[in-house]
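Engineer: Residue numbers (the numbering used here), protein chains in the order written: chain A, 1 to 268; chain B, 1 to 268.
Please note: incorrect hints may appear among the correct ones.
You can't tell identical chains apart in this list, so a pair holds if it fits in one copy or across any two.
As the list claims (entries may be wrong) - Each computed SDA-like pair below joins lysine to any residue, with the alpha-carbon atoms no more than 25 Å apart:
| id | residue 1 | residue 2 |
| --- | --- | --- |
| 1 | Lys25 | Gly145 |
| 2 | Lys94 | Gln178 |
| 3 | Lys16 | Asp153 |
| 4 | Lys24 | Asn221 |
| 5 | Lys243 | Gly48 |
| 6 | Lys94 | Glu183 |
| 7 | Lys94 | Arg22 |
| 8 | Lys90 | Leu6 |
| 9 | Lys192 | Gly244 |
| 10 | Lys90 | Pro186 |
| 11 | Lys120 | Arg189 |
| 12 | Lys32 | Thr53 |
| 13 | Lys94 | Arg224 |
| 14 | Lys243 | Arg175 |
| 15 | Lys192 | Ala203 |
| 16 | Lys24 | Gly93 |
| 17 | Lys120 | Asp205 |
| 18 | Lys24 | Asp95 |
| 19 | Lys243 | Thr42 |
| 20 | Lys192 | Ala209 |
| 21 | Lys120 | Gly244 |
| 22 | Lys94 | Asp130 |
| 23 | Lys94 | Glu162 |
Source of the hints: derived by calculation from the structure; they are not laboratory data. Given the structure is predicted, the values throughout are model-derived calculations rather than measurements.
2 protein chains.
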Amino acid sequence: MAARSLITGFSNPTVKFLRSLREKKHRKAAGKFLVEGLRLLTDAREMGHLPETLVMATGRERHPLLDALEVEVLAADGNVIECSSEILAKITGKDNPQTVAGLFSEFDTSLAAIDRSISKIWLVAQALRDPGNLGTLLRTGDAVGAGGLVLIDDCADPFSVEAVRASMGAVFTQRIAQARWEEFLPWLRAGKGQLVAASLRDAADYRTAPYAAPSFLLVGNESRGLPEQYEMECDLRVTMPMKGRADSLNAAVASAVLAYAVLSRFEN
Amino acid sequence: MAARSLITGFSNPTVKFLRSLREKKHRKAAGKFLVEGLRLLTDAREMGHLPETLVMATGRERHPLLDALEVEVLAADGNVIECSSEILAKITGKDNPQTVAGLFSEFDTSLAAIDRSISKIWLVAQALRDPGNLGTLLRTGDAVGAGGLVLIDDCADPFSVEAVRASMGAVFTQRIAQARWEEFLPWLRAGKGQLVAASLRDAADYRTAPYAAPSFLLVGNESRGLPEQYEMECDLRVTMPMKGRADSLNAAVASAVLAYAVLSRFEN
Chain A
1 MAARSLITGF
11 SNPTVKFLRS
21 LREKKHRKAA
31 GKFLVEGLRL
41 LTDAREMGHL
51 PETLVMATGR
61 ERHPLLDALE
71 VEVLAADGNV
81 IECSSEILAK
91 ITGKDNPQTV
101 AGLFSEFDTS
111 LAAIDRSISK
121 IWLVAQALRD
131 PGNLGTLLRT
141 GDAVGAGGLV
151 LIDDCADPFS
161 VEAVRASMGA
171 VFTQRIAQAR
181 WEEFLPWLRA
191 GKGQLVAASL
201 RDAADYRTAP
211 YAAPSFLLVG
221 NESRGLPEQY
231 EMECDLRVTM
241 PMKGRADSLN
251 AAVASAVLAY
261 AVLSRFEN
Chain B
1 MAARSLITGF
11 SNPTVKFLRS
21 LREKKHRKAA
31 GKFLVEGLRL
41 LTDAREMGHL
51 PETLVMATGR
61 ERHPLLDALE
71 VEVLAADGNV
81 IECSSEILAK
91 ITGKDNPQTV
101 AGLFSEFDTS
111 LAAIDRSISK
121 IWLVAQALRD
131 PGNLGTLLRT
141 GDAVGAGGLV
151 LIDDCADPFS
161 VEAVRASMGA
171 VFTQRIAQAR
181 WEEFLPWLRA
191 GKGQLVAASL
201 RDAADYRTAP
211 YAAPSFLLVG
221 NESRGLPEQY
231 EMECDLRVTM
241 PMKGRADSLN
251 AAVASAVLAY
261 AVLSRFEN
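Take the sequences, apply the hints, and build the full model.
Structural biologist: Now the structure itself:
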């Protein structure tokens with residue numbers, strides 16, 4: 001039932017709960033995550049995602065988008081909490097917090113929830129540890145019209161504040177699945193889908209390789225890249241020219257360069 | 001003159017000095033920056049850059065690359081300092097510091113030091129605020145064989161620990177210049193060079209646009225993009241397809257997708 005409340009105490013249990021969501025284990029236990037800032041919350045709203053609870057700083061400036069958000073959250077039986085900017089700073093852990101944050105339930109991230117027929121391009125990342133890279137992959141996926149992002153093995157949490165922020169709202173548009181490699185591979189092979197590794201081993205030029213939709217574009221861990229046995233399971237290994245002394249790109253960059261090349265090929 | 005020393009006190013002036021380099025103002029005042037970790041220091045060494053001072057934790061494990069570094073630093077009249085890992089942690093500000101760090105002099109970053117004839121591709125960033133993005137641009141520049149990176153207006157510091165780390169050593173291979181727009185434009189127009197903006201305004205398809213070497217590929221600030229008047233000064237405005245709800249890419253991603261497209265065109 002919709003409710004409005006004012007919180008004045010730092011030790012309020014709701015404050016403690018919201019604050020706890022900065023840690024992954026508490027997000028997982030509660031199945032909830034926090035989204036900070038009017039821009040991201042407005043993006044989410046435009047994509048049909050309203051927070052269950054909206055937390056606003058009392059001293060905030062009025063803004064029509066914030067007013068609209070508040071009205072819709074209450075209309076959808078959500079909660080609106082007002083608190084001092086100091087309490088909001090405690091919740092978000094930032095000295096200069098946004099004036100608003102929203103509480104969402106985490107989505108179903110099982111492979112079973114993925115319908116691969118909705119897009120010709122899917123991004124896949126293995127053991128990606130940087131939440132900024134993860135969010136950037138989601139943002140890139142949105143831009144190239146990918147269906148979503150499959151996270152293999154131990155990746156950063158897509159519901160962390162950093163990943164959500166770097167996704168620029170794409171966490172709400174891209175499907176996200178999380179799986180071990182041992183689950184992912186049988187799932188992939190049970191349907192149509194070409195697994196493409198960004199790789200240096202025995203690799204084809206990424207511009208001319210024979211892509212076939214739906215293409216699942218796999219990048220590996222930031223330091224170690226992909227395990228060799230994973231690459232060998234791929235249908236295609238492709239590489240980008242490396243003109244300098246380095247032999248690799250940032251994982252989010254490699255994924256984007258590859259995804260745009262594949263998009264171009266599928267459009268022609 | 002080469003010297004070895006052991007530092008045991010947290011309040012040692014050298015410790016205070018090295019620690020101060022975490023802040024930009026102290027880096028600028030001293031003209032020095034710190035590079036952390038054996039991997040980056042080995043990259044630097046392979047590119048002919050030895051630290052003036054090498055700081056090593058006393059409890060470190062032996063490593064042939066570290067031994068080689070130590071020998072070369074001493075042979076080049078540099079200093080080698082040993083200290084406890086706690087003191088190294090104080091210097092780097094990390095709980096789990098690398099076991100080695102090196103002190104370098106900042107490079108000349110004036111436009112006058114740039115020889116544009118050495119490469120067909122140059123990256124340019126305006127008001128780029130994220131040091132990780134900046135380092136990623138350097139890394140991408142190395143990969144596409146760019147000459148270097150020109151930083152326009154108030155950008156993150158290329159000599160910050162975060163930028164150096166994200167560059168994966170490319171801070172030592174790519175030329176770096178820093179300039180205001182008012183200096184950059186006359187410099188550019190005084191020689192051969194096409195200024196290309198990653199843009200949404202009046203833009204050509206990035207795959208088919210008429211690039212001409214040397215191409216200077218310009219991306220803007222992470223939130224605001226490029227000022228309109230800057231874009232209008234460009235010789236070419238290009239854009240990537242945007243298939244989702246977003247109308248932009250991460251700045252480092254946009255730059256990389258564009259740079260790889262230009263590289264492809266120049267190679268054909």
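Engineer: Next step is simple, just say for each hint if it's right about the structure.
Structural biologist: Hints, one by one, checked against the model:
no. : hint            : result
1   : Lys25 / Gly145  : neither (32 Å within a copy, 43 Å between copies)
2   : Lys94 / Gln178  : neither (29 Å within a copy, 31 Å between copies)
3   : Lys16 / Asp153  : neither (31 Å within a copy, 42 Å between copies)
4   : Lys24 / Asn221  : within (20 Å within a copy, 30 Å between copies)
5   : Lys243 / Gly48  : between (44 Å within a copy, 19 Å between copies)
6   : Lys94 / Glu183  : neither (38 Å within a copy, 37 Å between copies)
7   : Lys94 / Arg22   : both (11 Å within a copy, 20 Å between copies)
8   : Lys90 / Leu6    : within (16 Å within a copy, 42 Å between copies)
9   : Lys192 / Gly244 : between (37 Å within a copy, 23 Å between copies)
10  : Lys90 / Pro186  : neither (44 Å within a copy, 48 Å between copies)
11  : Lys120 / Arg189 : within (16 Å within a copy, 43 Å between copies)
12  : Lys32 / Thr53   : within (11 Å within a copy, 48 Å between copies)
13  : Lys94 / Arg224  : between (32 Å within a copy, 22 Å between copies)
14  : Lys243 / Arg175 : between (35 Å within a copy, 15 Å between copies)
15  : Lys192 / Ala203 : within (22 Å within a copy, 36 Å between copies)
16  : Lys24 / Gly93   : both (14 Å within a copy, 24 Å between copies)
17  : Lys120 / Asp205 : both (20 Å within a copy, 21 Å between copies)
18  : Lys24 / Asp95   : both (21 Å within a copy, 20 Å between copies)
19  : Lys243 / Thr42  : between (42 Å within a copy, 20 Å between copies)
20  : Lys192 / Ala209 : within (18 Å within a copy, 35 Å between copies)
21  : Lys120 / Gly244 : between (32 Å within a copy, 14 Å between copies)
22  : Lys94 / Asp130  : both (20 Å within a copy, 17 Å between copies)
23  : Lys94 / Glu162  : both (12 Å within a copy, 20 Å between copies)
Violated hints for the displayed structure, listed by number in ascending order: 1, 2, 3, 6, 10.
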